[in-house]
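Novice: Could you slot chains F, S and E onto chain L? The hints should help.
If you read the sequences in order, they're chains L, F, S and E.
Here the first sequence is numbered in the numbering used here, starting from 56 and rising by one per residue.
Here the second sequence is numbered in the numbering used here, starting from 147 and rising by one per residue.
Here the third sequence is numbered in the numbering used here, starting from 16 and rising by one per residue.
Here the fourth sequence is numbered in the numbering used here, starting from 222 and rising by one per residue.
Treat the hints with caution; some may be incorrect.
Think about it this way: if two alpha-carbon atoms lie no more than 20 Å apart in a straight line, the pair counts; the simulated EDC-like pairs of lysine to aspartate or glutamate are [to be verified]: (1) L/K217 / L/D361; (2) F/K179 / F/D271; (3) L/K431 / F/D176; (4) L/K431 / F/D271; (5) L/K79 / L/E95; (6) F/K180 / F/D271; (7) L/K217 / F/E758; (8) L/K505 / L/D421; (9) F/K733 / F/D743; (10) L/K431 / F/E320; (11) F/K321 / F/D151; (12) L/K217 / F/D751; (13) F/K537 / F/D617; (14) L/K431 / L/E504; (15) F/K537 / F/D615.
Keep in mind the hints are simulated off the structure, nothing from the lab.
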Amino acid sequence: MVPILSILLLTLLGGTVLTFASGKQARWVALGTSIVFLFETFYLLDAYTAWPGRAGLYAVPQYSFSESYAWISLPWLHINYTVGVDGISLILILLTAFLQIATVVYCWTETNRPAAWFGLVLLTCLGSIGVFIALDILLFFLFWEATLIPMFFMIGYWGGPKRRYAALKFFVYTHVASIVMLVALLAVAFYAHAASFDFADIFVATHSPGFPIVTQALLFLALFFGFGVKFPIVPFHTWLPDAHVEAPTGGSVLLAGLLLKLGGYGLIRWAVEVLPQGLAHTSWIVYAVAFASIVWGSVLSLSQRDLKRMVAYSSINHMGIVLLAIAVYSSLGLLAAVLLMFAHGVVSGLLFMASGSVHHSFGTRDIASLHGITPKAPVLATMIMVGSLASLGLPALISFPAEFAALLATWDRLGYWVVVPLLILVVTAGFYLWMMQRVLFGPPQNVPEKAHDLDVYETAGMAILVALIILYGVLPGFLVNVIVNSPVYGFP
Amino acid sequence: MGAFDTLFQWAFLVPLFPLVGFVIVGFFGDRMKKAEYGGWVAVVLSGLAMFVGILIAIGEALSPGTYTDASYTWLNLPGTQSVFSNGFSLVMGTLVDPISALMLVVVNVVGFLVMLYSIAYMHHDQGLPRYYAELSLFLVAMNGLVLSDNLLEFFLFWELVGVCSYFLIGFYYEKPSAASAAKEAFLVTRVGDVLFLLGIFLYFATYATSGGGAGWAASGFKFTNGNTPFLGSLVGSASSPTLTIAGLMMLAGAAGKSAQFPLDVWLPDAMEGPTTVSALIHAATMVAAGVYLLVVVSLFLGFTADDRLAIVAVGGFTTIWAASMALVNTDIKRVVAYSTISQLGYMVLAVGAGFAMVGLYHLFTHAFFKALLFLAAGSVIHAVGTQDLLKMGGLRKSMRVTWIAFFVGAMSLSGIPPFAGFWSKDDVLASVYSQVGAHPLYWPFLLCAFATVFLTAYYIFRAWFLAFDGDGSRDASLPHAHEAPWAMRLPLIVLSGLALVAGLFAFVPSFANLLPGAGVPPTYGTTDLMLSATSVGLGFGGLGLAYLMWGNGRVFTLPADSPLQPFRTVLLRRYYVKDAYDWFGLKAVYGLSRAADFVDQYVIDGTVRGIERAFSQLSDAGRRLQTGVVSDYAAYVVSGLVGLLVFLLWIAPWLVRSVGGG
Amino acid sequence: MSLEELAFLVLAAIAVGTALAALLVRELVHTILWISVFFVALSGIYFLLQADFLGILQLGVYAGAVTILLLFGVMVTRKRIFSREAATGIGPFPLALALVSIVILSGVAAGLPTQPRTVHAYSPAALSEQLFTTDGGWLVLLGLTMLSALAGAIYLVREGRE
Amino acid sequence: MSGLVLAQFLGLSAALLGIGLFGILTRRNFILLLIAIEVAINAAVLNFVYFAGFASGPGGVSGQAAAVVVVGLAATEVAVGLAIVLALNRQRGSINVAEASTLRQ
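Isolated chain L, as found in the complex:
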């Protein structure tokens, strides 16, 4: 058996190292790596459908392409290099591959230390991939932390005027959450008397009847906090707008597109699957937080003046829906959550790229001082429009099937509570439409002389995402089949 997952990791690792070392040609190396990685991902998807052990139910989760090597083996401590994927991971790996290539293309003309920049882009993706495939607590944590550092430097070095503050805030917030998460995960392993830190062993241990409910509930809440800050959940969300506003465009794309997804993925894999009883007994807290995030993110987006800040708050709203879909704890909800994460990754990536280009071209991202950019930059305006319409859940674009499934799952579990996210959809439509009315439409005002439309690289980077938005919007079956066919344990 080819150790495809390790090959995936090594591709990115090698690419990252080469990129760091290759000076002015870094972008070519990064592009090459991204393309190779994309094709490896395609191969993985293809092979996944033919994986023998995929269908059917087992007592213990079975993961495809799994590899396991002992790393540290002591009588009282077993740490393994264990990796494996299921449909959920695969979708997110696919998202990473697409976002990586789009980001590299979009940032093609980066001149400020390009080798370091492209290296960090690849490093972020490397960490994310690691998180998505790791099935051992410490390995997982290693990769989890590995995503923080490149993002910290991206914001802190290439960012806007208040970049130091934003980078530090980002780092402290997520790091505190990581520590809580690590401690909680270790506590799960120890309190449940797991045989090792492997996911399978932990799963068996936490599902054995002797594991007290109270412990599960408390540990789940700790994990919820740990993963939730990455979501981010209200009220631990204030790092996100600041980080996005100060982050360079490529950093924003990866931050919104990938790093937020780590929280969702972690919550599904390491909290809900491991401690379903914990969720069941604390679900009202999770629901409350999810509703709060949905409402808060959407309502606040309405009054934001900075384009990026607006998109950041809308991310809080969308990730709130993801959280809600996870919290309802059904196969449909899970499907919705994963689809929505993919959709949000692509759409927010597009919107952040567009915001970055607006800033680049018109010198400001202030919604109130941008008027009628369409005549000067029609392609850019189209991109903003596609992104906004996709984000507000228009059918035939990528978010719709995801949001539909999420709402249906919510209705199924919570009944008429679904009216809250439904009505918030109107507010979401409201702020996007209002933004478009002010920024794109109306007579052009304050348009700088040097304002210009997108250059070819920006266009290409965004076109990749637009293509995904339309392709998977019209044919969501590609994604859905991968997720549906993965055996997800414990989800009714």
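Specialist: Below, chains F, S and E alone, put in the same frame as chain L:
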């Protein structure tokens, strides 16, 4: 199996042709030598779609039946907690039945004529490829909606139709009012849309769990199973609070799309779009989608009695509500727009009274005479360059065709025989009258409907007199008007013909198959004749009043001290509903958002920054301890030693004792 | 009270007294005199404990070498040998801290068993065997430390360094 | 041989350590500081020696060995300390530790 199944299986071509048009014009329109070429491509393709649509309608007329195509499974969803335990699929398929065939005719005939008209009308505008691409996309969506074989597919195209409307209202996006109207239209209909979605959930859940609907979820919630409604006997007989709410949600969705009270504010503002768009989308087809939804739901899913009462109330009230606002308006397009809302109210009223086919019948005739009115108004605007009725006048001399066309439309709208509107409106009134025994609350809404006949005739002829009568334009700055070019005249003539005869289709034996049960009032007894006479009398009354006040170039001015002035103000301000919505949006919601933003920045983030400040002050304090003097460090070390000793000697033993003892 | 106990008490009193005196007198040179007496008293206690080798070591290293070294330091750094700036700036906090630690430690000591016990004597041979076999590592470490201290000290005092 | 009392020895050690600490904390003269440290160290050495005597077996020898090592270390420390004294004196003309606060920078 029907005789024309081979024909019906090509129904997908109807949306496909405009889709091809959309792709060609949308992606390559800018590179064509002249902008009109793209327009011609779109016209030809929509003509092809019309051709197929008419063929299908003929097929259905000759051999009515239901044809469903093999469906494409769009989404395969896993089971949920309680309702759909085995999972379910969302499918895309086509359903051809008499009513969808009828709608295909309406959509594609009006669509084709409007496209043709646009070639001349939009000649001077920028961004023509965009215009034709969006119009083509609209036809794709509208045809897709008509041919949907399940509610979710319906919703999908419903939303697409909405976004096309958004694009087209905002076609002149550099005009702030157009941009604002586009947003308003999208947002107000969006309110209906989300409730519609909730209604879909409710229907799915209710029927999928009840006895007869067990296989429904597995089929992808199709409307029909072979030739019969999938839910069979459940339709109309099942009743539960959930079903009632589901029906109300459908009503909300329809009210958003069809601009029924209280979601009607967007339609008059939508007149910011090109007049052609108003004719096609905001008069003939898209706004009728709401009514079509109600028809489909009442046929395949069923309304409860309470739902029907609510629908009657909304429809009946909307007729007079919109008509009253049209009385004082001086913008030619807005007058016609209000009449659209009002007429849609009639359709909704009929559906609510239980006569879905009658509603559809009125939809059918209305589509033609309303498109006619809009295109005639467009012709006027094209000629004089203003929409203000008070500035126009005397156009009958220079624009004969338009003059007559507008007259035909106005007569039809007023329900004067033998114009199309008479037959269908009479049918509506008669069918509602036949149901007044069902609930005492039907009475007031029937009276509203009758009163509206009078108002309608008054305001539309007021517009007609103002625009065409008199000696010449009242504003000297207006250009001298010329009759429109042939590409505009031809659609006017065709539509005038249709507005004359469309009402009779229901009496032609084969065509009546498309509207089973409509066209023939419940009985031809004395009562029905009385009703007809009353409504025609009211229509002529309105016409006469309009002539007295506005005919022959007269301009009636309400005296400034008239006690009616406040009413006029209220009507001109549109009952302050729009102001209320603006207040709600700009003050309430936006204000809430600003307040929330304040909380976010100063309370939530303020707490975070407070924690940060506390830590930095703590570290400042720590820094002051670092004097650099060796003795001080020694003192700290010794303090630590003492502390350790105290802990080990006293605290730790105490802890051990208390834990061990307790 | 046995003779040994008596001898111990006398020596202990001398040790405490001289230590205090060394730290409290004002003349630095007097301090060094007192501290040399302290070292000698301690070596007496070692003899009492039958640790002869250590007693001799104490006399040689402390009472001899260290005392001379300290004296040398005072002479080099003071222009006038009898400098009077020994005790300055006694803050209340350090004083209290020192007193508290004395009280605590003495309190603990007071709680220990009071019956006399015999002490064992070890031959210097056993001690050196221990030092060069079992505890050899410590000796090596000590040697290395001394070497580096030597180098450091030379570095600190070398000429021309500013 | 009637033996010796443990409490008295430890009392002596405690007293010496306290005196040493007192000196370390209160004296500002570097040489006095060194002397105070020596007193404290000697208290520790004394402890090693007591317990070596009271113990039996190889552990006892080990205690005395530790004492030897500590004495060696203390001597080293004095040497380095005096080197510092000399350096300080040359640099600042004073060996008052309160003035030597460059550790802070």
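Novice: Hint by hint, note whether the structure agrees.
Specialist: Each hint, compared with the structure:
Straight-line distance between C-alpha atoms of L/K217 and L/D361 comes to about 14 Å, which keeps the hinted pair within the 20 Å bound. Between F/K179 and F/D271 the CA atoms are separated by roughly 16 Å; this keeps the pair inside 20 Å, and the hint holds. Restraint check for L/K431 and F/D176: the C-alpha separation of about 16 Å stays at or below 20 Å, so the hint holds. For the hint pairing L/K431 with F/D271, the CA-to-CA distance comes to about 18 Å; that is within 20 Å, so the pair holds.
Of the supplied pair hints, the one linking L/K79 and L/E95 is violated, its CA atoms being roughly 26 Å apart against a limit of 20 Å. Restraint check: the Cα-Cα separation between F/K180 and F/D271 comes to about 13 Å, which is no more than 20 Å; the hinted pair holds. Between L/K217 and F/E758 the CA atoms are separated by roughly 16 Å; this keeps the pair inside 20 Å, and the hint holds. Proposed proximity of L/K505 and L/D421 is supported: the alpha carbons are some 17 Å apart, at most 20 Å.
Taken as a hint, the F/K733 and F/D743 pair is honoured in the structure, with Cα atoms around 14 Å apart against an allowance of 20 Å. As the CA atoms of L/K431 and F/E320 are separated by approximately 12 Å, the hinted pair is consistent with the 20 Å bound. Of the supplied pair hints, the one linking F/K321 and F/D151 is violated, its CA atoms being roughly 49 Å apart against a limit of 20 Å. Taking the CA atoms of L/K217 and F/D751, the gap is near 16 Å; set against the 20 Å cutoff, the hint holds.
Our distance criterion of 20 Å between C-alpha atoms is met by F/K537 and F/D617, whose separation comes to about 12 Å. Taken as a hint, the L/K431 and L/E504 pair is honoured in the structure, with Cα atoms around 10 Å apart against an allowance of 20 Å. With a C-alpha separation of about 12 Å, the suggested pair F/K537 and F/D615 falls inside the 20 Å cut-off, and the hint holds.
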